[in-house]
Amino acid sequence: MNPIVGLAVEGVVAVLLVATIGYCTVLNRRLKRLKADEHSLKATIAELITATEIAERAIGGLKLTVRDCNENLGSQMAAAVEMTERLQTQIDLGNDVVRRVARIAQVGRGAPTPAGVAGSAGAELATAAPERPKSVAARTLAEAAQAFVARKKAAGLAA
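Under my numbering, the residue at position 93 of the sequence shown is numbered 253, and the numbers go up by one with no gaps.
If you are wondering where the hints come from, they were derived from the structure by calculation, not from laboratory data.
This list has only true hints and no planted wrong ones.
Here are the in silico distance ranges between beta carbons for each label pair:
1. 314 - 218: 53 to 63 Å
2. 306 - 239: 37 to 47 Å
3. 187 - 227: 52 to 62 Å
4. 270 - 232: 57 to 67 Å
5. 311 - 240: 21 to 31 Å
6. 201 - 235: 46 to 56 Å
7. 183 - 207: 30 to 40 Å
Glycine included, every Cβ here is placed at the ideal spot set by N, Cα and C.
Please put together the full structure from these sequences, using the hints given.
Below, the structure is given as structure tokens:
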């Protein structure tokens, strides 16, 4: 073979070897960056796993808290309903007492009893009681009862 052709072939091989070595160094740098990214990615994944575990524990605690709150609210609601019923009963009893006092006051004055207020007890009191209260205490009590009934009627609470 001709020495120039052999030299040209060896030159081409040498250039290809240099190009291969250059490409290998570029690939080596890329692989190093990928490995570094892989380590940072693993660290990020580990942090996410830790955060997820903490969140799951917090959710479990919140579920327990909600369950406790529901139980407490349920018992408090039951107690409130019971107290409301007792208060309503006491209010009804108080209204009955006010009506009876008003009837007594009207009978004590000798005033005619209204048809809605007069009952058998009012009729009995009207026949048994004198026309006008004789004592100052009886008159004061009757006036106080009448003022109370008037206030309740004005407030729209009279039955």
